[in-house]
Amino acid sequence: MGAARPSPTQRLSRAGGVYQDLPTDPDELQVIQGHLIRLLARIREQRDAPTPLHWDLPSDRAWLRIIEVHTAGQLRRAGEQAYEVETGDRPWISGPAPGWRLQHLPTAAGQAPRQILHRTDCWIDSGEDLTPVEASHQAARPNVELCQLCHPSPPACPLPTDASATAA
Numbered sequence: 244m245g246a247a248r249p250s251p252t253q254r255l256s257r258a259g260g261v262y263q264d265l266p267t268d269p270d271e272l273q274v275i276q277g278h279l280i281r282l283l284a285r286i287r288e289q290r291d292a293p294t295p296l297h298w299d300l301p302s303d304r305a306w307l308r309i310i311e312v313h314t315a316g317q318l319r320r321a322g323e324q325a326y327e328v329e330t331g332d333r334p335w336i337s338g339p340a341p342g343w344r345l346q347h348l349p350t351a352a353g354q355a356p357r358q359i360l361h362r363t364d365c366w367i368d369s370g371e372d373l374t375p376v377e378a379s380h381q382a383a384r385p386n387v388e389l390c391q392l393c394h395p396s397p398p399a400c401p402l403p404t405d406a407s408a409t410a411a
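So for the sequence shown, this note's numbering puts the first residue at 244; every next one is plus one.
Among the clues, some could well be false.
[What the hints assert, rightly or not] Simulated DEER-style distance windows between Cβ atoms:
id : residue 1 : residue 2 : range
1  : Val274    : Ala352    : 28 to 36 Å
2  : Ala315    : Pro295    : 44 to 52 Å
3  : Arg287    : Ala352    : 18 to 26 Å
4  : Leu296    : Gln276    : 18 to 26 Å
5  : Thr363    : Ala383    : 13 to 21 Å
6  : Ala351    : Gly322    : 32 to 40 Å
7  : Glu377    : Ala352    : 22 to 30 Å
Because the hints were derived from the structure by calculation, they are not lab data. Idealized CB from N, CA, C, for every residue including glycine.
Start from the sequences and build out the full structure, keeping to the hints where you can.
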């Protein structure tokens, strides 16, 4: 007899999970995907109709586009979660990061600034671009969090040393 195959929840927790706000039950994910697909269809009907068809959706095309893009993103996230639950694989996070980006978060006056380190291919597209050395240094700072979605892993770079101290 071979070793027991890990459950989807065990595979997901071992892999760290893609989206902590989504369930790990494949049936629940399928229901969520179905709701999102139906919502996208209703949004597109409302957008293309000469008069509003759905009372619970805005009639303004700009707002409909915003809701459509957000809903499509949610559907993509649910699909990625379902794929990882089933396979334990994350093909959308492949290989080393093409670069890193530091997102600055708003903080209250007097508090230390909070920042999040992302891969440049993360869907969060804000912040300053960093070199590998800068990304490594930022990741070591206590007020910098690593993105829970793209899981950046900057190269381990040694901290710069004082050349005069090494020469003595």
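Results of checking the hints against the structure:
{"no.": "1", "hint": "Val274 with Ala352: 28 to 36 Å", "verdict": "44 Å, violated"}
{"no.": "2", "hint": "Ala315 with Pro295: 44 to 52 Å", "verdict": "21 Å, violated"}
{"no.": "3", "hint": "Arg287 with Ala352: 18 to 26 Å", "verdict": "44 Å, violated"}
{"no.": "4", "hint": "Leu296 with Gln276: 18 to 26 Å", "verdict": "23 Å, holds"}
{"no.": "5", "hint": "Thr363 with Ala383: 13 to 21 Å", "verdict": "19 Å, holds"}
{"no.": "6", "hint": "Ala351 with Gly322: 32 to 40 Å", "verdict": "37 Å, holds"}
{"no.": "7", "hint": "Glu377 with Ala352: 22 to 30 Å", "verdict": "26 Å, holds"}
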